[in-house]
Structure formats: C-alpha cells, structure tokens
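Trainee: Starting from the known structure of chain A, arrange chain B on it as the hints suggest.
Protein chains: 2
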Amino acid sequence: MKNLTLAKVYQLLEPGPVVLLTTTHKGRANVMTMSWQTMVEFEPPLIACVVSNANHSFAALRATKECVIAIPALELASKVVAIGNCSGKDVDKFKRFGLTPAPAERVTPPLVAECFANLECRVVDTHLVNKFNLFVLEVLKAWSDPAQKNPKTIHHCGHGRFVVDGELIKLKSNMP
Amino acid sequence: MKNLTLAKVYQLLEPGPVVLLTTTHKGRANVMTMSWQTMVEFEPPLIACVVSNANHSFAALRATKECVIAIPALELASKVVAIGNCSGKDVDKFKRFGLTPAPAERVTPPLVAECFANLECRVVDTHLVNKFNLFVLEVLKAWSDPAQKNPKTIHHCGHGRFVVDGELIKLKSNMP
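Chains as they are written, first to last, in our numbering: chain A, 70 to 245; chain B, 70 to 245.
Don't take each hint at face value.
Pairs count within a copy or across copies, as identical chains cannot be separated in the list.
Calculated pairs, DMTMM-like style, for lysine to aspartate or glutamate (alpha carbon to alpha carbon, straight line, at most 20 Å) [unchecked claim]: (1) Lys95 / Asp161; (2) Lys241 / Glu144; (3) Lys200 / Glu183; (4) Lys239 / Glu144.
Hints are computed from structural coordinates only; laboratory data are not their basis.
One chain only, chain A, in its complex shape (with noise of 0.2 Å):
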C-alpha cells in the first residue's frame, strides 16, 4: 500500500462505489459493507456515512470514533455481498471470507489488504447520530495498491444488483 495524497480522495468516493467500513471494538475487528456515504469537503477530506443502528458497527463506530473505509473493486463482489449479508455479532468476518487485516498507521480498525484504497477515518461530528445515523468523519490518511491497475469498482442498485464501472469519458470542466 502507498500513501494517497488526501487531496484525492474525493476522486475514489466521489463516484458512489460500494464500501467496506472496519471497526474495532473491545479487540475484535469487523467490517460491514456500506453504500451510503458522500463527500462533504475536499480538504482534510470529510465523509458522511449512514451507519444504521441494526448493525453491529454501529456501537463500535460510535463508541470508538474510528474507522477504516476500504474500496473493493470487483473482484471482491461476491465476498462485498457475503458480508452484507451477516453479522460481526455472530461472525469474524476477515476469517470467514479470508480477507487481510492490515495495520492502520493513525487509527485502531485494520485496513482491508485485498482493496485497491484504504482510507483511515476518525469521526468528527455526531450531531445526526441519534436522528439519522448519520456520522461525519475525517479522512487522516489515505492508502492505494498501486499493483491494482485501473480497478473497477461496483454500485448498488437495490435487491443484489449491481451496476459495474464502465467506459471512462472525459469532457472539459473547471470542477475540481
């Protein structure tokens, strides 16, 4: 993993793709997959997520204020949905689906070996917590797998369905 300038990141979310989210709460890691996040600035890099308080991440992520946001691309899809699909209460997730905990370098929760980005989060505002799960984190650090060359990643689109990155069009703009 190679560091990421933070002020890239917007690139790698930006586009919407499906996530994972580590945590670590009293010494067991876990991680959840999650679709509802976004931008909020570019930097320091700040991310609103929707972690719904049916998940198990849930207490971890507001007991322990940190997080790791890691991007699969799709080779992962099927292990993304798995995942999805049970509960770090019942389950060690990295066993079961033989993903790799990779230390983080400013927060406790792993990164995911296997993903192409690795983002180190810590949450800086919980105002919307209690109303809408809603949780605002800071990106502190950023990683990429430079030996995953152009990765695709994939987005959900409801009931198992996933839309996959396709051609890549570039037209001119100011934007950033």
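Mentor: Frame of chain A, contents of chain B only:
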C-alpha cells in the same frame, strides 16, 4: 413522467450518479450539478446533500427549503458539465442549455423534463448547514420517465472525468 413509488427512490441514488438540483428563488428557477449526496433512509426517502455556500443555489435552498433532484442519463453529460461550470447568478441555465422546466406537484422548483427521474424534495434538517453545507432532504414525490429505457448514469471521478454505468451484475443478497 410517471409516478415512482417512494420505496424505490434509494435504487436511483445509492449507485452515486451525478444529478441536477433545481431551486426557485424570488421567482427565478435555477439548476446546478451535484455529486455529493447519499441516501439516509429508505422510506420516507431521506437524502443528505452538500451544496457549497459558494454556489448560487445555496441561498435558494436555505431560504426556500425546497428543491428537485433530477437524474440525467449519459446523453446529457456535456450539458451536465456545462451547467456545473457557470453560475445561476449570471445565467438563466434552463434557457442557455435548452432544458425544459416542468411543474412539480409538491414543491415550487421545476422538474427537468429531459431527466429520466425527478425527486421533489423538502429540507427537513439544517443542523449541519452552517458547519458543513449539508442539508437533509425528504423526497415527497418521485417521477420517472418510462420513455427512457435502461438509462445509463454518469459518476464523477474529478476534473471532468466520468465513469459511465457498465455491466449490470446480480448476486444473491438479503439486502434491500
């Protein structure tokens, strides 16, 4: 435009498409391009979106608490970029870009007739507006255009690069 059941709205936004956001302020309709939004709740559908206070639409959204989120297909990509590269302060964007404003049912801002889906929204939470420019919206009414079959959306990757929807895959899942 045909009624779209509110329970299906998340399927449109969860994949992370670039969208248009319309507002009406002091009798003038405006439209901006947006990529920073996420679902917050299934039903009634709640959406969090970030509208920079540097955007002309910010004051309109804050003052009127109403907007329409319109989802453009690939064919509108060059207009979507051009809309993002000028300001409603200077330009009547509906006129300049040949977009057709259509009356909404529950809100004042117009639908965009050329978009394959339109979501009429009301601002329901402003706690994070001052700090993060983040609005929480409720979708009151949703429309889809049955004449646009299998529209492909675009996802912004930064600096005018967009990934277009590619292959659709289906995996066995218990998730909504």
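Trainee: Now look at each hint and say whether the structure bears it out.
Mentor: Each hint, compared with the structure:
no. : hint            : verdict
1   : Lys95 / Asp161  : within (14 Å within a copy, 56 Å between copies)
2   : Lys241 / Glu144 : between (31 Å within a copy, 16 Å between copies)
3   : Lys200 / Glu183 : neither (34 Å within a copy, 35 Å between copies)
4   : Lys239 / Glu144 : between (25 Å within a copy, 14 Å between copies)
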